[in-house]
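Peer 1: In order, the protein sequences belong to chains S and V.
For the first sequence, this note's numbering begins at 192 and goes up steadily by one.
For the second sequence, this note's numbering begins at 2 and goes up steadily by one.
Since the hints were made in silico from the structure, they are not lab data.
Computed from a predicted structure; not experimentally measured.
We put the CB at the ideal spot given by N, CA and C, even for glycine.
It is possible that some hints are incorrect.
Cβ-to-Cβ under 7 Å is the rule here; a few derived chain S residues that face chain V [to be verified]: (1) Gly249; (2) Glu250; (3) Asp254; (4) Arg269; (5) Ile277; (6) Glu295; (7) Ile296; (8) Arg303; (9) Ser336.
Calculated from the model, a selection of chain V residues having no Cβ within reach of chain S, i.e. all distances over 10 Å [unchecked claim]: (10) Leu83; (11) Ile116; (12) Thr153; (13) Leu167; (14) Leu180; (15) Tyr209.
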Amino acid sequence: MSLLRLDNVSRNFGSLKAVQQLSFEMPQGELRAVIGPNGAGKTTFFNLITGFVRCTAGEVWFDDENISAVPIANRVRRGIVRTFQITDVFPDLSVFENIRTGVEIAAGVASRPWVSRATRAALDRRVDELIDIVGLDAKADRVVSELAHGDQRVVEVALALSMNPRLLMLDEPTAGMGDTETDRMVDLVRRLHTEQGLSILFIEHDMNIVFNIAQRITVLDQGQKIAEGTPTEIAANERVRTAYLGEPE
Amino acid sequence: MRRVALLIAFWVVLLAAPWWLPLVGGYTALGSKILIYGLAAMGLNLVLGYTGGLSFGQAAYFGLGAYGAGMTLKYLVPSTPLAILVGTLVGGAAATLVGPLLMRRRGIYFAMITIAIGQLFYFVAVRWNVATGGEDGLAGFERQPLHFGTHTVSLHETTAYYYLVLACFTAAVALMWWLLKSPLGHTWVAIRESQRRAQFLGLKTDRYVWASFAIAGFVTALAGALNALLFNFTSPEDLHWILSGNFVIMVVLGGMRNFWGPLLGATLFIVAQDYLSSVTDNWMTCIGLLFIMIVLLFPKGLLGMVARRARAA
Chain S
192 MSLLRLDNVS
202 RNFGSLKAVQ
212 QLSFEMPQGE
222 LRAVIGPNGA
232 GKTTFFNLIT
242 GFVRCTAGEV
252 WFDDENISAV
262 PIANRVRRGI
272 VRTFQITDVF
282 PDLSVFENIR
292 TGVEIAAGVA
302 SRPWVSRATR
312 AALDRRVDEL
322 IDIVGLDAKA
332 DRVVSELAHG
342 DQRVVEVALA
352 LSMNPRLLML
362 DEPTAGMGDT
372 ETDRMVDLVR
382 RLHTEQGLSI
392 LFIEHDMNIV
402 FNIAQRITVL
412 DQGQKIAEGT
422 PTEIAANERV
432 RTAYLGEPE
Chain V
2 MRRVALLIAF
12 WVVLLAAPWW
22 LPLVGGYTAL
32 GSKILIYGLA
42 AMGLNLVLGY
52 TGGLSFGQAA
62 YFGLGAYGAG
72 MTLKYLVPST
82 PLAILVGTLV
92 GGAAATLVGP
102 LLMRRRGIYF
112 AMITIAIGQL
122 FYFVAVRWNV
132 ATGGEDGLAG
142 FERQPLHFGT
152 HTVSLHETTA
162 YYYLVLACFT
172 AAVALMWWLL
182 KSPLGHTWVA
192 IRESQRRAQF
202 LGLKTDRYVW
212 ASFAIAGFVT
222 ALAGALNALL
232 FNFTSPEDLH
242 WILSGNFVIM
252 VVLGGMRNFW
262 GPLLGATLFI
272 VAQDYLSSVT
282 DNWMTCIGLL
292 FIMIVLLFPK
302 GLLGMVARRA
312 RAA
């Protein structure tokens, strides 16, 4: 059974066909990469899944439920959680406070003007647990805007994790990172997949990373899916090479 | 522990204000006024500093609170607690009704709508001569004694009234403190920090902005009601956008990321107004200069600066 399915999805922005008749399927527990040259429609693809933009045609299914008309917030509640290409965290708050926000939302207490001492303790424990998973223990009380770029991105991943995602979507998780930071992020993504058993869908430009950790790869070009398969299959695919390297004249 | 001690010390200082204020050239009514404007500014700060909504029309709810209290005393019942209650409810209810009109807006649009709605109430007060006294303001009411069973407390003396103001102030401030420590308060701050991130964490941010605006409305209205009873008078100026602007100035002066900042800002503003306006008609120029200096030198406001120092140390 597939976790996520797109049936013949299209999205136009005026005359621009950002995504055309795209069909896509991803089973539970997979680590899937989405690649493609600039303007391939990767970001629109993500936006269609999270509900930030609606389909012009076609349907989005999650957990065997048609979610095409479901608003962002309700998709998040179903477990579709994303990070952004440009880091989006709560900059003036500490690491702990950032993640606490997510934990409180996930626990359904975000609108409560009061929680019991026991609930408070349980929430704080969950925050500590998440900070531990992503390895930011030593920086828990630091204000996020004062952290290094790589750490800020890790905070964003932790924030996404706090929502107990069933599908974690990462938009270029290593963008703008140095080598050490990249290695750490790659390791984190891999651990989340193996240790936490998370289904992860990520966009990435760095082909080393993609071929290194993805179980399957989906290739987009000009709004269409041109290839899909294991890293070995993709590496051998003619159309993919053409899309990346240009037409062999 | 140190925090609690400081808080108790601060409260004792407030409690003793009627004794020490005259020694430094002040008077008790000035103390009441500072607490009232401080409360209004702290209420505004729930929206402005903690939720990130640029409410530039907060005077509307201050004024509605004032008129609500004054008209209750004048036309309905001679009861101080009821007058304060009605004023608070009228202003708070107005903010609650207005909320949906602006909860989806951000930045300048939010500001424009709050100003426009504020002016709407102002013109109602000016035009509705028969009930509000129009431009001349609403007079002809007086705060009434409090009755506790057989015991009666006169509020005629400014000192007695100061303690009523202090009690209301303390209750409202405690409520705000408690709210900001709760998950609801955490959510407000998250929305201020990044509305998009909050939405992608599954929050319907509109509702939270609405709640923040409504609660701020109730707090400001309470301040307005107390103010009407302090002077036994209110006028359309209490609804005017100039007062809204002054509230924003108080918040920014003291520091809008700081819980107590707006109280400090209000203190500076009211004291400056009181002393300087007896010296020169152009006292606003001095406030303006002070404002510019603080915005340039301490962008986080006076208390924001102090808090930063304390954290760095």
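Peer 1: Run every hint past the structure and note whether it holds.
Peer 2: Consistency of the hints with the structure:
no.: 1; hint: Gly249; verdict: violated, 22 Å
no.: 2; hint: Glu250; verdict: violated, 22 Å
no.: 3; hint: Asp254; verdict: violated, 16 Å
no.: 4; hint: Arg269; verdict: violated, 9 Å
no.: 5; hint: Ile277; verdict: violated, 10 Å
no.: 6; hint: Glu295; verdict: holds, 4 Å
no.: 7; hint: Ile296; verdict: holds, 5 Å
no.: 8; hint: Arg303; verdict: holds, 5 Å
no.: 9; hint: Ser336; verdict: violated, 10 Å
no.: 10; hint: Leu83; verdict: holds, 26 Å
no.: 11; hint: Ile116; verdict: holds, 27 Å
no.: 12; hint: Thr153; verdict: holds, 36 Å
no.: 13; hint: Leu167; verdict: holds, 24 Å
no.: 14; hint: Leu180; verdict: violated, 5 Å
no.: 15; hint: Tyr209; verdict: violated, 7 Å
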